[in-house]
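Residue numbers (the working numbering), protein chains in the order written: chain A, 1 to 339; chain B, 1001 to 1288.
Do not rely on the hints blindly, as some may be mistaken.
[Unchecked claim] Here are the simulated lysine-lysine pairs, DSBU-like style, with alpha carbons at most 30 angstroms apart:
1. A:LYS71 / A:LYS94
2. B:LYS1039 / A:LYS76
3. A:LYS101 / B:LYS1039
[Stated by the list, open to error] Chain B side only, calculated, beta carbon under 7 angstroms to chain A, not exhaustive:
4. ALA1009
5. ALA1010
6. SER1180
7. GLU1187
8. GLU1190
9. MET1191
10. ASP1192
11. PRO1206
12. GLU1253
13. ALA1275
In short, the hints are calculated from the structure, not lab data.
Beta carbons: idealized from backbone N, C-alpha and C, even for Gly.
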Amino acid sequence: MGRIVLNQVAKSFGDTQVIPPLDLAIEDGEFTVFVGPSGCGKSTLLRLIAGLEDITSGHIDIDGVDATNLKPADRKLAMVFQSYALYPHMTVRKNIAFPLKMAGLSAEETNRRVQAAADVLSLTDYLDRRPGQLSGGQRQRVAIGRAIVREPSAFLFDEPLSNLDAALRVGMRLEISELHKRLATTMIYVTHDQVEAMTMADKIVVLQKGLIEQVGSPLELYRSPRNRFVAGFIGSPKMNFIEGAEAAKHNAHCIGVRPEHLEASATEGQWKGVVGVSEHLGSDTFLHVHETGLAPSLTVRASGEFDLAYGDTIYLNPRADSIHRFDAEGVSLGTEQPA
Amino acid sequence: MATQHSRSAARFMMAPAVVLLLGWMLVPLTMTLYFSFKKYLPLRGGDLGWVGFDNYVRFVSSSSFWPSVQTTLVIVGGVLAITLVLGTLLALLLDQPMWGQGIVRILVIAPFFVMPTVSALIWKNMFMDPNYGLFSYLWEFFGAEPIQWMSQASLTSIVIIVSWQWLPFATLILLTAIQSLDSEQLEASEMDGATTIKRFWHIILPHLSRAMTVVLLIQTIFLLSIFAEIFVTTGGAFGSKTLTYLIFQRVLESQNVGLGSAGGVYAIILANIVAIFLMRIVGKNLDK
Ligand SMILES: Nc1ncnc2c1ncn2[C@@H]1O[C@H](COP(=O)(O)OP(=O)(O)OP(=O)(O)O)[C@@H](O)[C@H]1O
Ligand SMILES: [Mg+2]
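Using the sequences and the accompanying hints, generate a full structural model.
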C-alpha cells in the first residue's frame, strides 16, 4: 500500500509562499519523480509529505488516512536524504538496524531484516564498518538499506545521487529502478536532472516556482508538453524555440523543434545556417547552427559522424509532424497536423 | 603533512613554541624538585642543607595529606559532573530558536569574565551569608533554619561557586558542538521513529562526546589547581583544604619551602594519575 493524495496543499515560510495550493495523487506502487529547476520547491514538497515541515493549509492523505497532523514516524514513510544522514558513530549494521530498534523489534527479527537488506544491497562485507570508512556509493546504499528495513509504504528520495560521480550515478540509477521493480513500493524521487527523471519515472511531476506545470509519463511529457517551460525542460539537448515570422507561418507566437527532429543536410533544406561548434559523442553529433535568421543558435542532432566543419553552410529540415506550437503566454497549441 | 620536506619544515616552525613551553615548564619544575630535597626555612635560618626524602615522608605522614587529596578529588569530580550535565542541558536550551537569543547567549557567558576572587566573594556574601545572604532569606521564607554555608556545607559551597564559574565554558563548547550536528541526521532519526529522548540519547549525545572530552580535560587541568575560591571563602577550614591549598599553607604560613615543594611534586603526580585515568576513559572518543 502507498497511495498518497495531496489536497490543496500549500506552504509558506513567513510571508513568502513557496508552494501555492496544489493537488496531486500518487498511486500505489508508482515511481513518481518531482523535477524542476533549483529552488522550485521540490525538497519542500517532499518534506511536507514526510512530515518534516508543517503544512500551511490543505490535507495529505496516505492510504486513505488523513496524515496531515501525523508525526513523521507515524506516516510509515522512509526517506533517503541528499547527504545520506547516516549516523557517524554507529556501524553500518547499527545504522540499518536503528529504525527497527526504535520500533522495538526483537533481536532475531532485527538481525534477519538487516541481513536481508544487506544481501539485497550487497553490503554484507561492510556491516561492521562505520560510515566514514565507506565510499559515496556504499553510503548511499546504507541509507537505502536503512529505509527498506522498515518496510515502509512509500520511499522518499531527495536528490540521492547528486553527490556521486557520473558513472556511479548511472549505476545507482539502475539499482534504484531495480529495487522499485522488486519491492513494487511507491517511490517519490526528487531530482533536478531531467535524464534521471526520464529514465526512472512512471510519472513525472514538473514543478516551477512551486506550481505543477505538468504531470504525466515521461513520453507524454516528451511528446506533448503542455507549455514552453515543460517543452524546454524535458529532453536533452533542449528544444529549439523560434519566434517571429517563421512561427507566424505556423499560426503560433513561437514554435519549438527538438534537435532530434531536425534533419541536417549539406546541400538543400528549408532553413539555411552556418555550422558553429559540433559536439561528437560517437553515436551522435550535436551541431550548433548559427546565422539562421530564426534564433541566435539552433541545436541539431545528426546521427553518427557528420563531417561538416566549423564555418560550413548547412541546411535544416524540421520534421513536419514534430513542430510544437505555443501562443504568446507559452501555452502549447499542439503540434501542427499535416493538412 | 605528507612529504619529508613539509614535515621537517613543520618541525622547524614549531620549534620556537616548543622551546618556550619547555623553558616555561622546566625551570619551575627543576626548582621545585631542587627545593623539595632541601630543608629551606626562609625566616628560620634559610637553606639548612640537603635532607634527602625527608620532606616527602613528612608531607605524606601529615594528618592533612589524605583528606586534602580527597577534597581535591571531590571538588574536581563535583564540578565536572555539574558543569557537564547542566552545560549540556543549557546548550540544548540555547540551541532552540528564541527571542533575544544573542543577548541571552552573552549573558550565559558572562560569569566566565568575572574574576574567581570576585565571584567567590559575591557568592559568599550575597548568597551564602547566614544572616543577610539571599539563600538565608529563601530558607526563612520556607520556614527553615538558614544553612551556615561556609562551615556546615563548605565543600558544597565551593563546588557550587566553582561550577557557576565553569558552567559558561562547558555550555559554550557544547553549544557549538550541538550546532555543528547535521540537521538531516536529526530528521532522519525522527523519521526512523526516535522520540525526543531517544534522539538525544542515540544521536545528540554521541555527537557531543568529543566536545565533552575536551571540556573534561581542560576543566580538570584548571580545577586541580583552584585556590582563590577557597582562600576567600573558607580559608581552607572546615575540610575544604585541597592539595594546592595545603602546599600554600606549608610554604607561606609555615614558611617551609622544602616541605611545600615536596607537596608540589605530589600534586604533579596526582594530576598525572587523574589525567591518565581520564585519557583512558575518554581517550576512545578522541581518536575517532
Ligand atoms: N526554512 C526555509 N525558510 C524560508 N525559505 C525557505 C526555507 N526552506 C526553503 N525555502 C525556500 O523555498 C524555496 C524552495 O526550496 P526547496 O529547497 O524546496 O527547493 P528545491 O526545489 O529543493 O531546490 P534544489 O534543487 O536547489 O534543492 C526556495 O526559494 C527556498 O529559498
Ligand atoms: Mg532540494
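Going through the hints against the structure:
For the hint linking LYS71 of chain A to LYS94 of chain A, the alpha-carbon distance of about 23 angstroms falls within 30 angstroms, and the restraint holds. With a C-alpha separation of about 78 angstroms, the suggested pairing of LYS1039 of chain B with LYS76 of chain A is violated against the 30 angstroms cut-off. In summary, the hint linking LYS101 of chain A to LYS1039 of chain B is not supported, as the alpha carbons are separated by about 66 angstroms, beyond the 30 angstroms threshold. Look at ALA1009 of chain B: its Cβ only gets to about 29 angstroms from chain A, farther than 7 angstroms, so that hint breaks.
The closest approach between the C-beta of ALA1010 of chain B and any C-beta of chain A is roughly 25 angstroms, which is over the 7 angstroms cut-off, so the hint fails. Checking SER1180 of chain B against chain A: minimum C-beta separation of about 12 angstroms lies over 7 angstroms; hint violated. Evaluation of the GLU1187 of chain B hint against chain A yields a held restraint, the C-beta minimum of about 5 angstroms falling below 7 angstroms. The beta carbon of GLU1190 of chain B comes within 5 angstroms of a beta carbon in chain A, closer than 7 angstroms, and the hint placing it at the interface holds.
The interface hint given for MET1191 of chain B holds, since its Cβ lies 5 angstroms from the closest Cβ of chain A, which is under the 7 angstroms cut-off. Interface hint status for ASP1192 of chain B: upheld, as the beta-carbon distance to the closest one in chain A is roughly 4 angstroms, under 7 angstroms. Contact between PRO1206 of chain B and chain A, as hinted, is supported at the beta carbon level, the nearest pair being about 4 angstroms apart and thus within 7 angstroms. Checking GLU1253 of chain B against chain A: minimum C-beta separation of about 51 angstroms lies over 7 angstroms; hint violated.
Taking 7 angstroms as the C-beta cut-off, the interface hint given for ALA1275 of chain B is violated, the closest approach to chain A being about 25 angstroms.
In the structure shown, a violation is registered for the earlier hints numbered 2, 3, 4, 5, 6, 12 and 13, in ascending order.
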